[in-house]
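Counted from 1, the sequence shown has number 272 at position 273 by numbering that gives the first Met the number 0; the numbering is strictly sequential.
Derived from the structure by calculation, the hints contain no laboratory data. Note that beta-carbon positions come from the ideal geometry of N, C-alpha and C, so glycine has one too. Among the clues, some could well be false.
Unchecked claim - Label-pair ranges, simulated between beta-carbon atoms:
#1 R247 x R213: 24 to 34 Å
#2 N53 x T184: 41 to 51 Å
#3 K132 x E234: 22 to 32 Å
#4 K221 x I170: 17 to 27 Å
#5 D280 x P223: 11 to 21 Å
#6 T235 x R213: 19 to 29 Å
#7 A5 x S114: 17 to 27 Å
#8 R247 x N285: 15 to 25 Å
#9 A65 x R177: 27 to 37 Å
#10 R57 x I288: 23 to 33 Å
Unchecked claim - With a cut-off of at most 27 Å between alpha-carbon atoms, the simulated DSSO-like pairs for lysine-lysine come out as follows:
#11 K123 x K174
#12 K89 x K276
#13 K31 x K58
#14 K252 x K112
#15 K231 x K276
#16 K89 x K287
#17 K258 x K231
#18 K132 x K258
#19 K8 x K66
#20 K58 x K287
#21 K16 x K31
#22 K174 x K129
#23 K58 x K8
#24 K58 x K252
#25 K89 x K8
#26 K174 x K258
#27 K207 x K89
#28 K174 x K132
#29 K129 x K252
#30 K8 x K19
#31 K66 x K19
#32 K123 x K252
#33 K221 x K207
#34 K123 x K258
#35 K258 x K58
#36 K8 x K31
#37 K31 x K89
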Amino acid sequence: MNNLNANYKRILEVLRKISKEQLLACQRRQPKLSDLELIGLSLTAEYLGIDSENDLFRKLPLSISAKIERSVYNRRRRRLSHDLDSIRVKLASYFNEFENCFIVDSMPLEVCKLSRSSRSKICKETDYSKPDKGYCASQGSTYYGYKLHAICSVNGVFHSIDLSPASVHDINYLKDIRTQISDCTLIGDRGYLSADFQLNLFETCNIKLNTPMRNNQKDYKKQPYIFRKSRKRIETLFSQLCDQFMVRRNYAKSFEGFKTRILSKITALTVIQYINKFIFDRNINNIKISII
0 MNNLNANYKR ILEVLRKISK EQLLACQRRQ PKLSDLELIG LSLTAEYLGI
50 DSENDLFRKL PLSISAKIER SVYNRRRRRL SHDLDSIRVK LASYFNEFEN
100 CFIVDSMPLE VCKLSRSSRS KICKETDYSK PDKGYCASQG STYYGYKLHA
150 ICSVNGVFHS IDLSPASVHD INYLKDIRTQ ISDCTLIGDR GYLSADFQLN
200 LFETCNIKLN TPMRNNQKDY KKQPYIFRKS RKRIETLFSQ LCDQFMVRRN
250 YAKSFEGFKT RILSKITALT VIQYINKFIF DRNINNIKIS II
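Please build the complete structure, drawing on both the sequences and the hints.
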């Protein structure tokens with residue numbers, strides 16, 4: 000797990016299998032460290048739990064650190080966020096191509112403590128990306144930051160992800176789902192309970208939204224056990240992101256940096272799942288495991 004160079008080569012090998020593009024189309028001259036190699040280095044750092052760039056460059060072998068400076072690495076990584084998401088989507092397609100059942104949920108991402116929220120300048124460079132105060136029902140607490148919305152398969156592979164201010168209600172994410180999936184069953188918690196949205200999703204995209212009913216609802220029926228059990232899969236994924244990938248510990252100061260770090264952690268998780276299945280033929284959700 001601590002052999003950074005060997006892990007980097009393994010992840011880069013996977014990226015080269017699924018991507019033919021080594022550089023951005025806008026680049027006029029070839030840098031010493033290609034874009035694909037830079038993405039591979041970023042994913043390796045997330046996999047090994049190195050979330051400080053200073054710490055990463057102290058541990059890099061000379062053969063890699065001589066190719067790029069830390070500040071250049073930081074700027075290029077933010078610029079490559081769109082390409083990073085394309086790689087994540089392509090990796091997920093190997094698992095989710097024939098899936099017909101998905102799970103939707105959200106997770107709070109705190110930027111700073113509530114006591115500092117009024118004077119904090121983190122992620123406030125533009126109006127559309129400003130964090131906000133929100134309430135997390137599962138933790139029973141108010142926090143300041145963002146909300147990570149995600150859809151994953153029953154097997155535990157993220158299909159779609161999105162970020163919103165913490166004050167945005169979970170049910171608003173269902174408006175974007177129509178452009179991402181169709182002809183499937185979608186399992187959610189009580190935060191997605193809405194007869195109007197259920198009907199709209201079914202009529203427009205043939206998505207059957209299944210959520211547990213409230214005890215005082217008319218014609219109450221308990222949600223089938225298979226759905227209640229399947230919904231725990233996405234909660235386990237969120238726990239893995241918090242535990243190994245430390246998704247809640249983020250040192251970014253701008254929204255672009257924050258978004259790139261979150262995307263890198265989720266992509267690193269998907270890469271490890273790909274390696275587990277297609278290289279070692281083992282359980283894809285054994286994340287704390289050697290890949291070399």
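Cross-check of the supplied hints:
1. R247 x R213: 24 to 34 Å: About 30 Å separates the Cβ atoms of R247 and R213, which means 24 to 34 Å holds.
2. N53 x T184: 41 to 51 Å: The hinted range 41 to 51 Å holds for N53 and T184, with Cβ atoms some 46 Å apart.
3. K132 x E234: 22 to 32 Å: holds, 24 Å
4. K221 x I170: 17 to 27 Å: holds, 22 Å
5. D280 x P223: 11 to 21 Å: 32 Å Cβ-Cβ, so the 11 to 21 Å window is violated.
6. T235 x R213: 19 to 29 Å: Taking Cβ atoms as reference, T235 and R213 lie about 25 Å apart, which means the hint holds.
7. A5 x S114: 17 to 27 Å: violated, 44 Å
8. R247 x N285: 15 to 25 Å: Because 22 Å falls inside the window, the suggested range holds.
9. A65 x R177: 27 to 37 Å: Check failed, 48 Å falls outside 27 to 37 Å.
10. R57 x I288: 23 to 33 Å: holds, 25 Å
11. K123 x K174: holds, 25 Å
12. K89 x K276: holds, 15 Å
13. K31 x K58: Answer holds: K31 to K58 is near 19 Å, not above 27 Å.
14. K252 x K112: holds, 15 Å
15. K231 x K276: Since the Cα atoms of K231 and K276 sit roughly 21 Å apart, the hinted pair holds (cutoff 27 Å).
16. K89 x K287: Roughly 23 Å separates the two Cα atoms, so the pair holds.
17. K258 x K231: This hinted pair holds, its Cα atoms lying about 25 Å apart.
18. K132 x K258: holds, 18 Å
19. K8 x K66: With a Cα-Cα distance of about 16 Å, the restraint between K8 and K66 holds, given a limit of 27 Å.
20. K58 x K287: Roughly 20 Å between the alpha carbons, so the hint for K58 and K287 holds.
21. K16 x K31: With Cα atoms ~21 Å apart, K16 and K31 stay inside 27 Å; holds.
22. K174 x K129: holds, 21 Å
23. K58 x K8: Between K58 and K8 the Cα gap is close to 15 Å, so the pair holds against 27 Å.
24. K58 x K252: Cα-Cα ~23 Å, so holds.
25. K89 x K8: The given pair, whose Cα atoms are some 20 Å apart, holds under the 27 Å limit.
26. K174 x K258: holds, 21 Å
27. K207 x K89: holds, 25 Å
28. K174 x K132: holds, 22 Å
29. K129 x K252: Answer holds: K129 to K252 is near 12 Å, not above 27 Å.
30. K8 x K19: Judged against 27 Å, a Cα distance of about 17 Å means the pair holds.
31. K66 x K19: holds, 21 Å
32. K123 x K252: Holds, because 9 Å separates the two Cα atoms, which is no more than 27 Å.
33. K221 x K207: Holds, at roughly 17 Å.
34. K123 x K258: Holds: K123 and K258 sit about 13 Å apart, inside 27 Å.
35. K258 x K58: holds, 24 Å
36. K8 x K31: holds, 16 Å
37. K31 x K89: Satisfied, since the Cα-Cα distance of roughly 26 Å is no more than 27 Å.
Checked against the numbered hints given earlier, this structure breaks hints 5, 7 and 9; the rest are met.
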